[in-house]
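What follows is the residue order along each chain.
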Amino acid sequence: MCLAIPGKLTELSTDATGVRMGKANFGGIVKQVCLEYTPEVEMGDYVLVHVGFALSKVDEAEAARTYQALAQMQQLGELDTPDVPDAEPPLPEKAAA
Amino acid sequence: MKYLDEYRDEGLAQGIVAEIKRLVTKPWVLMEVCGGQTHSIVKYGIDRLLPEEIELVHGPGCPVCVTSLEMIDKALAIARRPDVIFCSFGDMLRVPGSETDLLILKSRGADVRVVYSPIDCLKIARANPDKKVVFFAIGFETTAPGNAMAVWQAHRQGIANFSVLVSHVLVPPAMASILQSPLNRVQGFLGPGHVCTVMGYREYEPIAARFRVPIVITGFEPIDILEGTLMTIRQLEAGKAEVENQYPRVVSRDGNRVAQDLVNKVFEVGDRKWRGVGSIPKSGYKLRYEMRAHDAERIFDVREIDTKEPEICISGLVLRGVKKPHDCPAFGTLCNPEHPLGATMVSAEGACAAYYAYGRHLQKPATPNSAAPALAKAS
Numbered sequence: 001m002c003l004a005i006p007g008k009l010t011e012l013s014t015d016a017t018g019v020r021m022g023k024a025n026f027g028g029i030v031k032q033v034c035l036e037y038t039p040e041v042e043m044g045d046y047v048l049v050h051v052g053f054a055l056s057k058v059d060e061a062e063a064a065r066t067y068q069a070l071a072q073m074q075q076l077g078e079l080d081t082p083d084v085p086d087a088e089p090p091l092p093e094k095a096a097a
Numbered sequence: 098m099k100y101l102d103e104y105r106d107e108g109l110a111q112g113i114v115a116e117i118k119r120l121v122t123k124p125w126v127l128m129e130v131c132g133g134q135t136h137s138i139v140k141y142g143i144d145r146l147l148p149e150e151i152e153l154v155h156g157p158g159c160p161v162c163v164t165s166l167e168m169i170d171k172a173l174a175i176a177r178r179p180d181v182i183f184c185s186f187g188d189m190l191r192v193p194g195s196e197t198d199l200l201i202l203k204s205r206g207a208d209v210r211v212v213y214s215p216i217d218c219l220k221i222a223r224a225n226p227d228k229k230v231v232f233f234a235i236g237f238e239t240t241a242p243g244n245a246m247a248v249w250q251a252h253r254q255g256i257a258n259f260s261v262l263v264s265h266v267l268v269p270p271a272m273a274s275i276l277q278s279p280l281n282r283v284q285g286f287l288g289p290g291h292v293c294t295v296m297g298y299r300e301y302e303p304i305a306a307r308f309r310v311p312i313v314i315t316g317f318e319p320i321d322i323l324e325g326t327l328m329t330i331r332q333l334e335a336g337k338a339e340v341e342n343q344y345p346r347v348v349s350r351d352g353n354r355v356a357q358d359l360v361n362k363v364f365e366v367g368d369r370k371w372r373g374v375g376s377i378p379k380s381g382y383k384l385r386y387e388m389r390a391h392d393a394e395r396i397f398d399v400r401e402i403d404t405k406e407p408e409i410c411i412s413g414l415v416l417r418g419v420k421k422p423h424d425c426p427a428f429g430t431l432c433n434p435e436h437p438l439g440a441t442m443v444s445a446e447g448a449c450a451a452y453y454a455y456g457r458h459l460q461k462p463a464t465p466n467s468a469a470p471a472l473a474k475a476s
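Protein chains in written order, with the working numbering: chain A, 1 to 97; chain B, 98 to 476.
There's no promise every hint is true.
Here are the simulated DSS-like pairs of lysine-lysine, each with C-alpha atoms no more than 27 Å apart in a straight line [said to hold, decoys possible]: (1) Lys31(A) x Lys220(B); (2) Lys420(B) x Lys405(B); (3) Lys420(B) x Lys203(B); (4) Lys405(B) x Lys31(A); (5) Lys23(A) x Lys420(B); (6) Lys140(B) x Lys229(B); (7) Lys362(B) x Lys140(B); (8) Lys57(A) x Lys8(A); (9) Lys31(A) x Lys229(B); (10) Lys123(B) x Lys370(B); (11) Lys220(B) x Lys8(A); (12) Lys57(A) x Lys362(B); (13) Lys405(B) x Lys203(B).
Just so you know, these hints were derived from the structure itself, not from any lab.
Using the sequences plus the hints, can you model the full thing?
Set out below in structure tokens:
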């Protein structure tokens with residue numbers, strides 16, 4: 001949990017309570033991420049995620065390098081914990097113009 | 098793949114090591130603060146690549162390891178209750194309390210759940226209105242924004258059955274505490290890259306100035322650590338004591354302001370007990386008064402708890418960089434990942450667990466820089 005894991009944003013949405021959420025793909029594992037701390041991010045961006053919260057944007061090369069370094073160090077185990085499903089489906093966010 | 102190859106580049110690593118060797122004229126003790134850095138150093142044998150003048154000691158940067166025994170025991174007391182769903186990051190489940198651990202409680206029927214993100218607990222709370230859902234909010238500055246958001250949303254949305262047991266710790270006061278200790282040997286720091294993603298590195302500047310120590314904000318990959326070491330040694334040999342950033346591709350001086358603002362809305366700085374170290378003034382976050390409805394310590398009366406640490410465990414000295422894991426008589430024998438005596442043997446970010454995972458309990462201690470001439474290959 002001390003090291004952030006980079007993922008690629010594949011979905012942006014707002015949940016039923018008005019929180020900006022999204023989905024990120026972490027080397028094939030897709031998980032929910034909260035985007036409240038990274039208002040600038042858009043679909044397709046790479047973000048560093050700590051315990052389900054995107055905290056900064058990185059470029060693709062950095063994301064790839066970091067992900068593989070974490071994989072080598074077997075530091076990706078937390079991704080195996082399943083998401084808790086939403087009671088109500090989130091509303092998709094319109095793609096940025 | 099090509100990017101990783103660059104970072105595993107033997108030639109690049111050897112070039113940095115050669116430059117460090119060229120610069121170094123006397124012994125120096127550096128501490129890496131982050132547990133991820135410790136893991137990387139042990140896995141890739143970075144400490145053994147460096148010239149013998151340079152000693153790397155491992156810092157307190159494993160959040161699971163430094164969570165106080167008292168807090169673990171409080172967590173256990175709350176998790177035992179039949180009206181509670183106790184949620185935690187997976188790493189905490191096997192951390193030994195005075196009598197038991199969360200995994201054992203779970204096996205005996207307590208509702209203990211591992212969550213990936215603290216915000217998942219809000220969904221659990223909404224789905225279980227007849228239960229009290231408690232999240233064990235531990236960690237350094239990296240998890241604080243997530244934990245703050247969970248509390249803030251519960252506050253905003255009026256989710257009354259959600260609370261947090263807060264045991265947040267902060268890096269800069271721990272560094273200051275290490276430097277003030279009469280046992281201190283540390284002369285320079287590799288600062289925690291991912292913590293600074295959130296917080297930036299302004300707050301390290303007064304520490305560097307006050308204690309005259311260089312602090313180089315460093316990533317966790319092997320080449321990052323070698324570069325951070327080179328930058329620290331360059332400062333030490335030149336008599337400088339500044340904050341430098343080895344990791345600008347991820348860390349900025351200001352960090353994530355949006356996250357810092359919410360953290361400050363939910364938490365305030367307070368004294369905090371660190372396992373094996375004791376209380377450090379102003380070294381943690383506690384909930385602000387306005388958030389008291391979500392304070393598990395207030396809701397469940399768990400203020401007075403007698404704790405019991407195993408006498409043989411030296412994890413406190415390991416966390417302060419005074420001792421190495423293999424200095425402990427129990428290391429790899431009485432204490433191992435299957436039967437951890439101290440938290441530093443539980444988490445992958447703990448120095449004892451890293452030493453064990455990479456076979457150092459089978460090797461001769463004491464001569465840290467003798468063996469392994471090359472950067473150890475990833476398995």
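Hints, one by one, checked against the model:
1. Lys31(A) x Lys220(B): holds (15 Å)
2. Lys420(B) x Lys405(B): Between Lys420(B) and Lys405(B) the Cα gap is close to 21 Å, so the pair holds against 27 Å.
3. Lys420(B) x Lys203(B): violated (34 Å)
4. Lys405(B) x Lys31(A): violated (39 Å)
5. Lys23(A) x Lys420(B): violated (43 Å)
6. Lys140(B) x Lys229(B): At roughly 41 Å apart (the allowed maximum being 27 Å), Lys229(B) and Lys140(B) break the hint.
7. Lys362(B) x Lys140(B): violated (39 Å)
8. Lys57(A) x Lys8(A): Status holds; Cα separation ~10 Å.
9. Lys31(A) x Lys229(B): holds (26 Å)
10. Lys123(B) x Lys370(B): violated (36 Å)
11. Lys220(B) x Lys8(A): holds (24 Å)
12. Lys57(A) x Lys362(B): holds (23 Å)
13. Lys405(B) x Lys203(B): holds (21 Å)
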